[in-house]
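Enquirer: The primary structure of each chain is shown beneath.
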Amino acid sequence: MNERIESIVAMKLPAEESVRIFRHRLTANARKRLPRIAIVTGIHGDELEGQFVCYEVISRIKAHPECLSGTVDVYPALNPLGIDTLTRGIPGFDLDMNRTFPGDVNGAVTEQIAAKIIVDLTGSDLVVDIHASNLFLREIPQIRISESTEPALMPYAKLLNVDFVWIHAAATVLESTLAHSLNSIGTKTLVVEMGVGMRVTQEYAHQLTDGIFNAMKALGIWTGEVAPVRSPMISAAHEVEFLNAPCCGLFVPGVEHLHRMKAGEAVGSILDPLKGTEVVKILAPCDGLLFTLREYPIVDEGSLIARILRD
Amino acid sequence: MERIKIFELKSLYRESMKVYGFRFGEGEKTVCIVGAMRGNEVQQMYICSQLVKALGKAERAGKIEKGKSILVLPNINTYSMNIEKRFWPTDNTDINRMFPGYSLGETTQRVAAGVFEEIKDYRYGIQFASFYIPGMFEPHVKVMETGYEDVETAKLFGLPYVVIRHPRPYDTATLNYNWQIWDTKAFSLYANRTDRVDETNARRMVKSVFSFLGSLGIVRCAAKGVRSRVVRDDSFVAVKSACGGVLLRLAKTEETVRQDQVLARISDSFTGEILQTLTAPCDGKVFFVHNEPLVHEGTVAYRIMPGEE
Chain A
15 MNERIESIVA
25 MKLPAEESVR
35 IFRHRLTANA
45 RKRLPRIAIV
55 TGIHGDELEG
65 QFVCYEVISR
75 IKAHPECLSG
85 TVDVYPALNP
95 LGIDTLTRGI
105 PGFDLDMNRT
115 FPGDVNGAVT
125 EQIAAKIIVD
135 LTGSDLVVDI
145 HASNLFLREI
155 PQIRISESTE
165 PALMPYAKLL
175 NVDFVWIHAA
185 ATVLESTLAH
195 SLNSIGTKTL
205 VVEMGVGMRV
215 TQEYAHQLTD
225 GIFNAMKALG
235 IWTGEVAPVR
245 SPMISAAHEV
255 EFLNAPCCGL
265 FVPGVEHLHR
275 MKAGEAVGSI
285 LDPLKGTEVV
295 KILAPCDGLL
305 FTLREYPIVD
315 EGSLIARILR
325 D
Chain B
307 MERIKIFELK
317 SLYRESMKVY
327 GFRFGEGEKT
337 VCIVGAMRGN
347 EVQQMYICSQ
357 LVKALGKAER
367 AGKIEKGKSI
377 LVLPNINTYS
387 MNIEKRFWPT
397 DNTDINRMFP
407 GYSLGETTQR
417 VAAGVFEEIK
427 DYRYGIQFAS
437 FYIPGMFEPH
447 VKVMETGYED
457 VETAKLFGLP
467 YVVIRHPRPY
477 DTATLNYNWQ
487 IWDTKAFSLY
497 ANRTDRVDET
507 NARRMVKSVF
517 SFLGSLGIVR
527 CAAKGVRSRV
537 VRDDSFVAVK
547 SACGGVLLRL
557 AKTEETVRQD
567 QVLARISDSF
577 TGEILQTLTA
587 PCDGKVFFVH
597 NEPLVHEGTV
607 AYRIMPGEE
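Protein sequence lines correspond, in order, to chains A and B.
Letter by letter, the first sequence follows residues 15 to 325 in my numbering.
Letter by letter, the second sequence follows residues 307 to 615 in my numbering.
These are computed hints drawn from the structure, not numbers from a lab.
Nothing here was measured: the structure is a model prediction, and the numbers come from that model.
Careful: at least some of the hints might be erroneous.
To be verified - Computed from the model, here is a short list of chain A residues facing chain B with C-beta under 10 Å:
{"id": "1", "residue": "Leu27"}
{"id": "2", "residue": "Phe36"}
{"id": "3", "residue": "Tyr69"}
{"id": "4", "residue": "Glu70"}
{"id": "5", "residue": "Thr99"}
{"id": "6", "residue": "Arg102"}
{"id": "7", "residue": "Gly106"}
{"id": "8", "residue": "Asp110"}
{"id": "9", "residue": "Arg113"}
{"id": "10", "residue": "Gln126"}
{"id": "11", "residue": "Ile127"}
{"id": "12", "residue": "Leu149"}
{"id": "13", "residue": "Ser190"}
{"id": "14", "residue": "Thr215"}
{"id": "15", "residue": "Ser283"}
{"id": "16", "residue": "Leu318"}
Even for Gly, the Cβ is constructed at its ideal location relative to N, Cα and C.
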């Protein structure tokens, strides 16, 4: 096995430092073209669940290098300044990096970086882009794919050992994401959402890592043993109920994440700490699985409280 | 002049955020003008405040045509401006990526929906916009190429440039784009700056709006301004830094430059040594200048419009 850590982007900052985006390539000894999987994460600097997955993938390969029969590229920090400074977007630009793709070599600095990332990932047999919801919501391990990419991506999505595959309607604003940009040029890319921002959920990371090795085996990248994977629930957009806060206040959940809700059951309450009153109970509109639950307690009118997958 | 509450959002410990509009004249919904949508768009809000003053004067003098009304919303995001944050205070979302909005959706979708409901039926829509890159612009009007754009009417502002922009995916959730889809002729006016007040520029922008209103017979006043040049937004030539450091600017916006003329120098942040001299790649006019003191490698420091005399 060969391994090499190199920077795919290096740009000088004003005072001495350079910003670098690193790729750790682990590849089997071979002269022919090998199948390649890319694990990318850290587009949003406050989403850290993918960090532990990167560690797990590399350490499992290093424990059994003889089982590697392809190329594994790990990019743990596409937004390194964001991760190091607790910033979701790109520090200094106040910009969501996942709205800058496919980038532009003649554009602003952020667009030039996006363009270089696309070039480096193009041609991978599979790209797994790991996100961690955000500071506000906790999610079960899930893959989100748009309706238009479902036929090409669903076979791969089923390999990754997630609990849920959510097929959502196309939204033009999402066309500036890394995943859309890569899928539109034929590089299959899956977006994983799991856990919550600014935290690592080790259980979810192990679950997804098992799935990544399962996909590697299917792609001819791994010859070792893999754990059995679960069969995900699959849902179209209309089968998901969104529960938004009808008013501002302090949200306290009444049930655990992943609870099987009954119609009319309370997901939680919005309280007024100043008056010492319960303002409203948030009730489930249907039977189903509570797959998204608010983690951050302060809510504005409209803040997302929960999502329920209808039975 | 009538002050109207357009939208209100309650908060846990802050006073409610109230979006106000100022209506002049009465009758047909003719022109709607929107200022700050982000917390740092101070110049955009200031220009609107000057428009409110000037339109009030015009109304008192009986200069607004009968049967026509003008609505000005100086700021639809006071919550962000009051805490000096560009985007929404809690989740950092951008209201100008939420149009046409959704009244049952997330908070900024609700703000966008509440505002859009009140402003979507106007015949003309003017938004004072800002760009995400820090810099000084030559004032211009931008129209989105949606198939409904009206470049000839955009010239009535009398600004030096009408810039045509081919929409990118994220543009489809902006106010300008959605106004056009809802049959409003929409124009984005770019002042020269964002987070500082420039009174000279504000007077110029007020004059350009009055020129527009005068040309269309909405307000009785003389149309003034220059003859606009129509350009596409990809026709500007970018001049980029090849290193990081301190940017020492020489050329200013609206300045005519010759090929190879020195535009700026970049000095080493520690030693003061000149690392790069930025020169004009062609004859032209300076359209944009990066106005922060520091640059990264690859920063677009200048944009030049080729071929200007």
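Enquirer: Taking the earlier hints as the rules, which of them does this structure contradict?
Expert: Failing hints, ascending: 2, 3, 4, 5, 14, 15.
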